[in-house]
Every structure is written in structure tokens, then in C-alpha cells.
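K.L.:
Model the full assembly from the supplied sequences, consistent with the hints where possible.
Going line by line, the protein sequences match chains A, B, C, D, E and F. My numbering puts the first residue of the first sequence at 1, with every later residue one more than the last. My numbering puts the first residue of the second sequence at 1, with every later residue one more than the last. My numbering puts the first residue of the third sequence at 1, with every later residue one more than the last. My numbering puts the first residue of the fourth sequence at 1, with every later residue one more than the last. My numbering puts the first residue of the fifth sequence at 1, with every later residue one more than the last. My numbering puts the first residue of the sixth sequence at 1, with every later residue one more than the last.
For the record, the hints were derived by calculation from the structure and aren't laboratory data. Be aware that one or more of the hints could be misleading.
Which copy is meant is left open, so a pair is good if it fits within one copy or across any two.
[As the list claims (entries may be wrong)] Pairs of lysine to any residue residues, derived as SDA-like cross-links and limited to a Cα-Cα distance of at most 25 Å, are as follows:
1. LYS112 - HIS27
2. LYS133 - LEU109
3. LYS112 - SER69
4. LYS112 - SER143
5. LYS133 - THR105
6. LYS84 - ALA136
7. LYS43 - GLN101
8. LYS155 - SER123
9. LYS56 - ASN121
10. LYS23 - SER128
11. LYS42 - VAL52
12. LYS112 - LEU138
13. LYS160 - ASN39
14. LYS130 - LEU48
Quantities reported herein were computed from a predicted structural model and do not represent experimental measurements.
Residues per chain are reported as follows:
Protein chains: 6
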Amino acid sequence: MKQRVVYPGSFDPVTYGHIDIIKRAAHMFDEVIVAVASNASKKPLFSLEDRVAMLKKVTRNLKGVSVDSFDCLMVDYVSRKNIKIVIRGLRMISDFEYEFQMALTNRKLNDKIETMFMMPNESYSFVSSKLIKEVAILGANLSEFVPSFVEQKLKKVLQKNK
Amino acid sequence: MKQRVVYPGSFDPVTYGHIDIIKRAAHMFDEVIVAVASNASKKPLFSLEDRVAMLKKVTRNLKGVSVDSFDCLMVDYVSRKNIKIVIRGLRMISDFEYEFQMALTNRKLNDKIETMFMMPNESYSFVSSKLIKEVAILGANLSEFVPSFVEQKLKKVLQKNK
Amino acid sequence: MKQRVVYPGSFDPVTYGHIDIIKRAAHMFDEVIVAVASNASKKPLFSLEDRVAMLKKVTRNLKGVSVDSFDCLMVDYVSRKNIKIVIRGLRMISDFEYEFQMALTNRKLNDKIETMFMMPNESYSFVSSKLIKEVAILGANLSEFVPSFVEQKLKKVLQKNK
Amino acid sequence: MKQRVVYPGSFDPVTYGHIDIIKRAAHMFDEVIVAVASNASKKPLFSLEDRVAMLKKVTRNLKGVSVDSFDCLMVDYVSRKNIKIVIRGLRMISDFEYEFQMALTNRKLNDKIETMFMMPNESYSFVSSKLIKEVAILGANLSEFVPSFVEQKLKKVLQKNK
Amino acid sequence: MKQRVVYPGSFDPVTYGHIDIIKRAAHMFDEVIVAVASNASKKPLFSLEDRVAMLKKVTRNLKGVSVDSFDCLMVDYVSRKNIKIVIRGLRMISDFEYEFQMALTNRKLNDKIETMFMMPNESYSFVSSKLIKEVAILGANLSEFVPSFVEQKLKKVLQKNK
Amino acid sequence: MKQRVVYPGSFDPVTYGHIDIIKRAAHMFDEVIVAVASNASKKPLFSLEDRVAMLKKVTRNLKGVSVDSFDCLMVDYVSRKNIKIVIRGLRMISDFEYEFQMALTNRKLNDKIETMFMMPNESYSFVSSKLIKEVAILGANLSEFVPSFVEQKLKKVLQKNK
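P.N.:
Next up, the structure:
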């Protein structure tokens with residue numbers, strides 16, 4: 001069987017940590033769908049369109065990777081695509097707890113879908129979208145954390161929100 | 001001596017995890033007072049009255065269990081009741097840290113009251129009121145997490161808040 | 001009903017942390033049985049008799065506290081005593097994991113017995129029988145960790161084992 | 001591409017937790033090789049042959065699942081099989097740390113092999129081969145933790161080792 | 001070389017836990033600069049001026065300790081002072097994760113500055129500015145957690161914000 | 001005052017993770033004494049002499065760094081040297097717990113000595129002497145974990161112990 005997986009997330013914005021996971025998944029599976037959650041209730045910094053566009057740009061040369069979005073239950077989205085495997089990155093203990101809680105909840109909602117966890121490269125194990133936004137506000141150089149076009153977009157948005 | 005205990009919480013809303021703890025406590029102690037914190041500053045989704053009413057409904061057949069509420073320091077409430085034992089459920093590491101910090105703080109506030117921790121059944125070890133509300137907004141079936149009348153009330157409130 | 005509880009452990013040897021838990025339990029329950037596990041397979045430093053004797057000495061003035069031992073499954077021991085509550089102290093995250101694993105295993109073995117966790121005073125939250133033995137070998141002053149007669153017994157045993 | 005994965009471990013002995021992971025993996029991948037590490041230096045309770053035989057028995061009706069063993073570096077074994085994905089179960093925080101340390105070490109040894117983590121059913125999240133052996137010595141009923149033929153074999157071996 | 005260190009934080013408000021770390025640092029280093037982050041985006045309860053003033057009052061008798069503030073990246077502030085060591089207190093696992101993530105991010109931003117972690121006295125290991133504010137709202141006696149003039153200021157501010 | 005620190009440990013054998021901490025400490029303090037614990041009771045793989053010799057070789061070009069050994073309580077050793085600061089590396093949660101327990105125990109034994117924790121580079125955050133020995137037995141290439149002369153010594157010792 002052709003193995004297809006979904007990698008869901010907020011990607012607000014995409015970081016080198018996310019990109020590392022996408023590349024690893026693309027190396028292992030035939031098809032990887034990066035699926036952006038609209039997460040309207042979490043008030044993301046970037047619009048859904050911007051988040052999708054940034055992901056499309058960083059994955060445009062990766063074979064078997066596509067970008068999509070959803071605004072329903074993640075398991076419903078995955079089920080409609082007829083996919084069985086969901087990929088999530090795990091960096092730290094606190095990720096672990098939240099991710100397990102979410103994955104067990106998702107399993108109760110749909111027990112045909114399995115969450116599999118991957119480790120990013122240890123160089124990205126501390127990169128968090130939240131922390132990046134905090135230091136970006138203070139003018140930090142983000143070249144170690146995100147691609148340069150993401151850094152520019154991020155600083156423009158933060159400027160506007162001031 | 002007749003052993004009375006208080007099980008305080010937000011119960012916003014009550015879940016099968018809470019109900020499991022209440023049943024275990026009722027099996028061990030003569031009297032269990034489920035005490036709902038008003039927590040006005042935390043902006044609960046349900047009113048204090050609704051949370052008390054839901055708890056009364058789910059505990060109406062449990063011998064020795066009553067439901068009450070308080071809007072003061074928890075240790076002051078417990079102390080006025082002349083009770084020495086406070087029950088709290090522990091599900092995960094992050095619970096553990098917050099609960100210990102709170103219990104040690106409470107001990108400094110009143111060293112005659114002891115917090116005792118219980119484990120819910122492992123089937124409920126990942127059920128969280130917060131996560132339930134997140135998936136409820138997206139239309140998830142909640143029958144594994146809360147009684148059906150709570151699911152209905154929850155969906156009605158979320159509809160209204162949209 | 002008269003509330004009786006068991007506080008099981010290796011107590012190899014008893015520390016101020018254990019004593020703190022015993023006192024708290026005695027303050028809350030009518031009867032506290034401190035039950036020493038023979039744990040033959042773990043090769044304790046002190047004999048079962050010595051561990052029981054030390055506990056008897058430190059608890060001799062505590063009302064409602066008795067000392068006993070067992071060499072079977074803990075839940076079988078507790079069940080034969082017709083007791084429903086087992087007390088365990090929790091100090092750290094690693095305790096938490098081991099204790100939960102053990103408590104859930106015990107619940108599968110006998111679901112009528114409930115484990116309840118208590119916190120020692122924060123001054124004793126880092127005292128471990130294992131660490132005490134490690135520093136005792138190197139001649140450390142143990143007056144902050146164990147009663148002085150335990151310190152003497154410990155140093156005598158370690159001397160003999162050299 | 002046909003997706004093949006290796007699920008390595010000590011399996012000393014196999015538990016319902018392991019079996020749950022094997023079934024989930026078999027549901028998602030074309031071929032699952034359960035690979036028993038000889039682990040001579042860790043002095044397993046069961047011989048390599050016994051551990052392989054028990055796994056063969058419990059997996060004999062699972063399509064796509066085979067059992068094998070290895071006594072070299074795990075990544076070398078997996079690489080020789082021309083496989084890219086290693087499966088590991090994650091139950092608790094302490095698993096998480098050890099497993100991540102091992103997976104990152106393995107990645108340094110061979111960066112073409114990826115470790116993916118899966119969650120067992122929460123009913124098995126506390127089942128540990130080590131704990132099972134501890135309670136088995138004391139005569140516990142193991143029917144909740146291992147298949148009955150494993151329980152019998154375990155009790156026979158423990159009897160012999162006494 | 002004369003050893004100078006920076007102890008940065010929000011100090012909203014200063015607690016006995018912070019004061020314990022400041023005293024320990026002052027005992028080890030020639031000069032300790034307590035540096036208050038303006039953290040405008042986190043909406044602190046106390047103004048920057050109030051937080052600085054409270055710290056000046058509690059440290060006025062400590063040799064080598066001064067109080068300052070900054071509203072830029074912490075590593076830029078420390079770098080301009082020509083200092084190499086940043087001190088942070090660690091109390092719990094959740095601190096540990098956040099602090100490590102922040103420290104590794106800071107190291108990427110400036111690899112000449114090193115974060116060193118210290119433990120407060122275990123009596124203060126559970127004192128958190130956030131929890132203190134929660135119980136203060138409910139009228140708790142704070143004498144175990146903060147100096148009395150801080151308690152008074154805190155209750156006045158909370159009264160005003162009601 | 002000239003700032004001197006002790007970095008104690010087993011160093012069985014020294015890894016790139018240890019070397020990273022030594023370099024960071026040497027960058028910040030005037031004098032760094034790497035102090036090897038004899039730890040006779042822990043049965044190290046390498047003799048005390050070998051461990052000291054390996055450390056001397058890897059630190060021979062680091063200004064201000066010296067190597068020593070001790071077979072008493074660490075705090076007694078540090079106190080005799082008239083030093084106030086002990087350095088320890090922290091990599092993971094499990095380190096954190098053990099290290100804090102040890103540091104608090106040491107503080108009770110001598111409250112004039114302070115333990116300060118540092119983070120290794122994240123590339124070494126998973127390198128453990130124990131794990132290295134496990135994979136070395138199976139013939140792994142260790143060039144990412146230890147200097148090549150250490151790898152050779154390690155493989156020779158493991159060969160001999162077989």
C-alpha cells in the first residue's frame with residue numbers, strides 16, 4: 001500500500017523545527033500532507049492563508065509533500081482523506097504530556113487513526129513558535145530559528161500589531 | 001471519628017474523571033463534600049449555579065456525597081467546616097507540579113489541613129475539562145468524556161458564546 | 001466508621017521524611033499501621049527485625065500508630081487487615097511515576113484498596129534512604145536526615161559491610 | 001513502496017502492552033518485524049529462545065507480523081534489513097527520556113533510520129515487565145498483564161530461580 | 001577578574017524565593033545586578049518603577065547588589081554591561097523546561113553569555129508570584145511568602161484593580 | 001576576588017558533553033578544578049588513575065583548568081580547597097531530579113557551598129557515559145560522543161572485561 005500521512009499543526013509561523021520533521025517524514029513515507037489548523041479560537045498571529053503560503057514556499061522542493069488546511073476536528077479531516085497515520089513532533093516533556101493527552105482524546109474520537117511521534121534534530125529541540133515571537137518583538141536576529149523570508153514577514157506583522 | 005473530606009475544584013464542567021474520583025472517595029470516607037470554587041477571576045464557561053446543578057445531578061445516588069460552593073480561600077472554607085482532609089485527583093506530571101505547589105501553599109496558609117491525592121481510573125487519566133471544551137467547539141462526540149446531559153449543556157453554551 | 005490506614009515501605013532505614021508522613025497520617029486517621037516490606041529480593045541493608053525495631057522506637061509516642069511487617073503482596077496484606085486505604089509519600093517526579101505505576105498495578109490486583117498520596121514537609125522533600133546511605137559511607141553528618149540512634153546504627157552496619 | 005518497520009525490545013517477557021503496540025503497527029504498516037535483543041549483558045530472566053517463542057505464539061494470527069532476534073547494534077540490524085522505520089512504545093515520562101536519549105544516540109550511529117513513537121492503549125500504560133516480575137515473585141494473579149501461558153512460564157522460571 | 005553577574009526577571013512582585021537567590025548570588029560573586037524586565041507585553045500587575053523600588057528596598061543592606069531595569073533583549077542588556085554570567089533560579093520541572101528553552105534560545109542569540117541555574121532554599125521552592133497573586137485576591141495572609149510591605153502594596157493594587 | 005570553581009564527577013569515561021561544560025566554565029571563571037570522584041562503591045569501568053589521565057589529556061590546552069581526584073564527601077573536598085562554587089551539567093529531567101536531590105543534600109552537609117547548574121550544547125544533551133558503554137560493547141563507532149583516544153581505551157577495557 002502507498003503510505004500517506006498527515007502532519008497537522010498551527011505553524012504560526014513555520015520554524016526550522018517543523019521543516020526538519022517534514023523532511024524526515026518525506027524521507028519515510030510516500031506522501032506527507034502538512035495540514036494547517038485554522039484554530040480561529042486561538043487567535044493566531046498569521047492568517048490561515050499566510051501560514052499555508054509560508055509552508056508552500058518552504059516545502060516546494062520536497063517530493064511527496066503537499067500543504068492543506070482544515071477547520072474541523074483533526075480526526076474528521078484525516079478520516080475524510082482516508083489516512084491512518086498522524087505525525088507529531090516531540091521536543092520536551094511538556095510537549096509529551098499535551099501531545100499524549102491530545103492523541104488519547106483523538107483515539108477516543110476515532111480509533112482507526114494512530115498518532116506517531118518523531119523527534120526533531122536536537123538543534124531544533126528548543127525552538128518554539130511562541131518563544132520566537134517573544135524575542136522577535138524585542139528585535140532579535142531569528143536566522144537560527146526560521147527562514148529569512150519568515151523572519152521578515154514576522155517582523156512586519158509584529159510592527160503592524162504594535 | 002466520622003471521617004469527612006472535601007473535594008474542591010472548578011468542575012467546568014464535571015467529567016467522568018471527576019465522577020470516578022468522587023465515587024472512590026465515597027467508598028473510603030463517611031462523607032464527601034464536592035465543593036465548587038466560584039473562581040470568578042478565571043472566567044469559567046458555566047455559571048457557579050450550573051456547575052453545582054450538574055454535580056448534584058451526577059451524584060444524587062451516591063451515599064454520603066453532597067455538593068456545595070465557596071468563594072473564599074479554599075483552606076478557610078475547609079477549616080470552617082471543621083474538616084482536615086482535602087482530596088485532589090492527579091492524572092499527569094503537570095497536574096503533579098501545580099497540585100503540589102498549591103498544596104504546599106495551602107499548608108502554609110493552614111497547617112491543620114492536609115491534601116491527599118488520588119488517581120482516577122487510567123481510562124480517565126487524559127480527560128481534561130479544557131481539552132473537552134476545545135474539541136466540543138469543533139463538534140466532537142463527547143460520550144466517552146462526560147455524561148450526555150453535560151454534553152448537551154456544553155454544546156448549548158458554546159453555541160451561545162459563538 | 002473508624003478509619004484505619006496502612007503506610008507500607010522498605011524503611012531501610014527510616015528517615016525524618018518517613019516520620020513526617022507518619023505524623024501527618026496519625027493526625028488524620030484513627031489508626032496508622034506502618035508496614036515494613038521484607039523485600040528479600042532487594043537486599044536491604046538492615047534486617048527486617050532492625051527496620052521494625054527502629055520504626056517502633058521512633059513511633060512509640062504517637063497515638064494510634066503501630067508497626068508491623070509483611071512478606072507477601074502488599075494488597076493481600078492490606079486486604080487481610082480489612083483496610084481500604086494505603087498511604088504513600090510523594091516527593092519528586094520520579095517518585096510520582098514509580099508510585100503511580102505501582103498503585104495502578106495494585107489496583108488491578110485488588111480494586112477495593114485505594115492508594116492515597118501525601119506530601120512530606122518540603123524540608124524533607126529531598127531526603128532519600130538511598131542517598132543517605134551513599135553519603136553515610138563517606139562519613140557525612142546525618143543529623144538533618146535521620147534520628148541520631150539511626151545514624152549510629154547505620155554507620156555501624158556500613159562499617160561491618162566494608 | 002511497501003512499508004516495513006522493526007519493533008525492537010527485550011520482551012522479557014512479552015506483555016499485553018507490547019501486544020497492543022504490535023497490533024497497532026500491523027494495522028498501519030505492510031510488515032512488522034518484532035526483533036528481540038539478545039541483551040546478554042542485561043541478564044534477562046528468559047532465554048532469547050523463550051522470548052522469541054512466546055512472541056511467535058502471541059503473534060501467530062497477526063497478518064504481516066514476524067519475529068526475529070539480533071545480538072548486534074540495533075541500527076546495524078535494521079540497516080541490514082534495508083528498513084527505515086523503528087517503532088517504540090512510550091508509556092511514561094521516564095520512558096520518554098530514556099527512549100529519546102537512545103533514539104538520538106541511534107540517529108548519530110545511523111541517520112537514515114528514524115525512530116517513531118506510539119502510545120499503547122491507556123489500559124496498558126502502566127504495565128512494565130519489571131514490575132510484573134516483582135509482583136509475580138509474590139504470587140500475584142497476572143491475568144490483567146500477560147497472556148496466561150506467559151504467566152505460567154514466568155512463575156515456573158521464578159520458582160526455579162528461587 | 002572581578003566577577004559580575006546579572007539576575008534578570010519580572011519580579012511582579014519580589015518574593016522570599018527571589019530574595020533567597022539574590023543573597024546566595026551575593027555570597028558567591030563580587031557584584032550582582034538584579035535586572036527587572038519591563039515585559040510590557042505581559043501586562044505585569046506592578047509598574048516597572050514599583051518593581052524596581054520594591055527590589056531596592058529589600059536589597060538595600062546587601063553588599064554588591066544593585067537594581068536596574070531593561071526593555072530590550074536580555075542578552076543585549078547583559079552584553080552592553082560586559083557581563084558573561086546570567087543567574088536564574090530553578091524550582092520545579094516546569095521551570096526547568098521553560099528556563100532551558102529560554103537559555104538555549106539566548107545562547108543562539110549571543111553565545112558569549114552563559115546562564116547558570118541556582119536552587120532556592122527548599123522552603124521557597126513552591127513560592128510563585130503567580131500563585132501568591134491568586135491567593136492574595138482571596139485575602140490570604142502572605143507573611144510566609146513576601147515581606148510585609150510587599151504584601152501591603154499587593155493588596156492595595158489588587159483592591160484598586162477589582 | 002579570584003573566582004575558583006570545582007566540577008566534580010565520575011567521568012567514566014570523559015565525553016564531549018563533559019568537555020563542553022569544562023570549556024564553558026573555563027570561559028567564565030579564573031580557575032576550574034575538574035575533580036574525579038573515586039566512587040569505589042559504584043565500580044567504575046576505568047580506574048581512578050585512567051579517568052584522571054584521560055581528563056588531563058583533553059584539558060591540557062585549556063587555560064585555568066586542572067584535574068584532581070577525591071575519595072571523601074564532595075563538600076569536604078571543596079571546603080578544604082576553600083572554594084564556594086560547584087559546577088554541574090544538566091541535560092535532562094532525570095538529571096535535574098537527581099542533581100537537585102544531591103545538591104540539597106550537600107547544602108545540608110555544608111551550607112557555604114553552592115551548586116550551580118550549566119547546560120551543555122544541545123548537541124551533547126543526550127550523550128551519557130552509561131549509554132556510550134552500552135553501544136560500545138556492541139561495536140558502535142563512538143566518534144560523535146568521545147575523543148578517539150578515549151574510544152580506543154574504552155574498547156580495550158571492554159574487550160578485557162568480556
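K.L.:
Does each hint fit the structure? Answer for all of them.
P.N.:
Hint check results:
1. Taking CA atoms no more than 25 Å apart as the test, LYS112 paired with HIS27 passes in both settings, with 24 Å inside one copy and 9 Å between copies.
2. Taking identical chains as interchangeable, the C-alpha atoms of LYS133 and LEU109 lie at most 25 Å apart only when they sit on different chains, with a minimum of 14 Å there against 33 Å within one chain.
3. Taking the closest pair of Cα atoms, LYS112 and SER69 come within 25 Å of each other only inside a single copy of the chain (21 Å); across copies the shortest separation is 30 Å, beyond that limit.
4. Only between protomers do LYS112 and SER143 lie at most 25 Å apart by alpha-carbon distance; the minimum there is 17 Å, versus 40 Å within a single protomer.
5. Proximity of LYS133 to THR105 under the C-alpha cut-off of 25 Å is restricted to the inter-copy arrangement: shortest distance 12 Å between copies versus 29 Å within a copy.
6. For the identical chains of this complex, LYS84 and ALA136 are inter-copy neighbours only, at 22 Å across copies versus 37 Å inside a copy, given an alpha-carbon limit of 25 Å.
7. In the homo-oligomer, the alpha carbons of LYS43 and GLN101 lie at most 25 Å apart both inside one protomer (22 Å) and across protomers (23 Å), since each shortest distance falls under that limit.
8. Only within a single protomer do LYS155 and SER123 lie at most 25 Å apart by alpha-carbon distance; the minimum there is 23 Å, versus 29 Å between protomers.
9. When the C-alpha separation of LYS56 and ASN121 is checked against a cutoff of 25 Å, the pair qualifies only within one copy, where the shortest distance is 22 Å, while the shortest distance between copies is 32 Å.
10. Taking the shortest alpha-carbon separations for LYS23 and SER128, only the intra-copy value of 18 Å comes in at or below 25 Å, while the best inter-copy value is 27 Å.
11. Proximity of LYS42 to VAL52 under the C-alpha cut-off of 25 Å is restricted to the intra-copy arrangement: shortest distance 17 Å within a copy versus 28 Å between copies.
12. In this assembly of identical chains, the alpha carbons of LYS112 and LEU138 lie at most 25 Å apart only when taken from different copies (19 Å versus 45 Å within one copy).
13. In the homo-oligomer, the alpha carbons of LYS160 and ASN39 lie at most 25 Å apart both inside one protomer (21 Å) and across protomers (19 Å), since each shortest distance falls under that limit.
14. For a Cα distance limit of 25 Å, the shortest separation of LYS130 from LEU48 qualifies both inside one copy, at 17 Å, and across copies, at 24 Å.
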